[in-house]
Amino acid sequence: MTKVEAVTRRTFLEAGLSLGGALLVGFHMPSADAAVATGEKAVFAPNAFIRIDATGKITLIMPQVEMGQGIYTAIAMILAEELDAAFDQVVVEAAPPNDKLYANPTFGLQVTGNSNSVRAFWMPLRKAAAGARAKLVQAAAQIWKVDAAGIRTDSSTAFHDTSGRRLSYAALIERANGLTAPQNPTLKDPKDFKLIGKPLKRLDTPDKVNGKVVYSIDVMPPGVKFATLAACPVFGGKVGTVDDSKAKALPGVRQVVVLDDLVAVVGDHMWAAKQGLAALNVTWNEGANASISSADVWKQVRAASQQEGAVAKTQGDAAKGLSQGELHEAVYEMPFLAHATMEPLNCTVHVTPTSCEVWVGIQVLSRAQAAAAKVTGLSLDKVTVHNQLIGGGFGRRLETDFIEKAVLIAKQVDGPVKVVYTREEDIQHDVYRPVYVDRISASLSNGRIVGWKHRIAGSAVIARWLPPAFQKGIDIDAIDSAADMPYDIPNLRVEYVRDEPPAVPTGFWRGVGPNNNVFAIETFIDELAKKSNKDPVAFRRDHLGKAPRLKAALDLAAEKAGWGTPLPARTGRGVGVQVAFGSFIAAVTQAQVDENGAVRLQRIVMAVDTGIVVNPDTVIAQLQGGMVFGLTAALYGDISIKKGRVQQSNFHDYRMLRINEMPQIEVHVIKSGEAPGGIGEAGTTAAPAALGNALFAATGIRLRRLPIDRDVLSGKKPA
Amino acid sequence: MITLKINGESKTVDAPPDVPLLWVLRDLLGMTGTKFGCGIAQCGACTVHLDGVAVRSCVLSIGNIGQRSITTIEGVGNSATGSRVQKAWLDIEVIQCGYCQSGQIMSASALLSATPHPSDADIDAAMAGNICRCGTYVRIREAIKKAAQAV
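Respectively, the protein sequence lines represent chains C and U. Going by this note's numbering, the first residue of the first sequence is number 1, and it counts up by one from there. Going by this note's numbering, the first residue of the second sequence is number 1, and it counts up by one from there.
Just so you know, these hints were derived from the structure itself, not from any lab. All residues carry an ideal CB built from backbone N, CA and C; glycine is no exception.
Only part of the chain U face toward chain C is listed, based on derived beta-carbon distances under 7 Å:
1) Leu28
2) Thr32
3) Cys38
4) Ile40
5) Met127
6) Tyr137
I would like the entire structure built from these sequences, with the hints used as guidance.
Printed below as a string of structure tokens:
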């Protein structure tokens, strides 16, 4: 998904941009100046991201949303680095919805996703901050009547060392406001970085230990009421009849809202709303999907995987390559997955005849505003969206379906209403990580792969979510990390077959396309190593001649994991490597399998080359946490369908990895001067294959389907 | 009318006795630090203390609380143990999205109050009811050990 060529790339505007619309919903660092008088005083706003006022307060506007990945801190570090701002004095604010000023350069709209915030904004933000700094330096040069070249900056202050003079940025802003930034401001040499590369404390966490942080579920506009909803349990079904007499008789229930495809109950608190919803007597017109089951989904996608697909990549002559040597083929399958963010879907809305105010945590802020405008019929300028810190996104909040529902409900309610999904509704009305079938064949000759064919069949999320990027039958996300896989193979063909599952809506899920592809490729490579009687690490090394950064990561992970040293019975190590999101990662997982097929995770060692690292502690945290997300899916994640409905409903039947099941996780970060890579999803995509390969090493049983099946591992069921 | 003792203060609420404490805290008292995650005591996001013991407020009816004192994330920092846990959470940089962390901190501080120097097995037993979707478990364990060392 890193090559969205069809999308307009917006340039970053400089100079004279009004920031009057910037929301003040951001949090503040506790150490920031308490007494700040803004307003009449001049504000230096050299671009959309930086404001310096006359008190010296530096406000950095965050184009990307914070959902736990540490991006507020990373973006603040990048801006403060080139601005030479005193980091302990900066304040960060969430950007308002505005694609012109705050679009993600990769997508041309405000999107936080695809692990690309640092990748996409790295150069634009450095240039923006360096340009602002150049103006401040120029202002100081004019005031002191000296050459700008003799001025240095540090800690929000300009210094003229030869004369011993200094001025704070605050003292320079009026003069700087009249100046023009250079077209190509000089960027720092990375060796001079003072902030980038240091494990600085996160800006968003202090209020997360004491209950003060406000997620959208915590927003309390005066007079707010509380609502919860039930959509037709069958995808695509509609409301039939509703008897609300019992619900309305309950204490605290205020109103019942009936829409085309859902019912909602509004009450004085969530409990009243929940009780009211349970007391409704609803019949549904279940519609065309009422007989769909998982078996139908699998039958369809397996059939699709037999068809020839659109060609995503070809090199050499795959057919010829496959006809030489020993042929090996395998099919891999991935299930539907729900996101299950810890903060259930929710959105607070206040609709009046002339306005709509929305409080929400969303990865697509401008789309949220547009969705509310569409549902209310109001123009964009009448729709205010307050973006809150997010209690888990993982791709679920790249969608605005829940905002549309909340606004539809709010249109029927007098005053503000907070619409909160129950966990059951959240899991049963998600947009699901698609099912995929991967068919891979390869031929081996003298321990080398000489031919390779990989066909991916599954939903094209891109075709719905970003239609201009869906070209020639290729979903650029579905083939990510497959078309550009790292092994040096002379004859290769990668195909994609679009298959939209019946009934079930699909969406992006942490790790996106590479989840599927890395699992299939890295499991298959392990199978090829076995067939060649080669060690899995050595076999990979032999084919990584053109991927030196990945090879270095593999060597480091293998060394740190003690690859090749003896292990007890039914215990194994598995390796997996990937180039995904611009990062090079190797993981070695050690796990034990008991006689019943129960898996005990023991140790995971990861090595990563992710280019220049902004905040090393965040990189480590994201890889640790991303790994847990992927392990959870591999061990437990499975959304199944019966009679057009999702069968899972809450954490008892849609299980999560818990602390008592955790292995040790070690992350080794390789120093690099390359451009930064993405890290938020890389741990997730690295998890399943390394685990599956460890289970093979432990038991000799190869799992080609996720989640892992304990009955297969125990030998009760054939693989 | 039911009177509850929350973080050392008496609060009277006009709600039926079967309402779970979670919704009284959040929606009637505006104490939103305690989080809704599942509603069936499976995730631990709603954890509070009842006389110092960790309980899931989503399944605790206010009519069953009586005179017992309630501590929430807003008040846990008033105790030496709670404050140590909060500090350890920041020192180790445990937190990502943070949504589950109120519950994690409440479970961890109840653990350390009862067992000042917990083993790994003690930590597993006390914390296995708290899900973290960001996967911060490695650091949660480390932070609990750090808070324990500070005693």
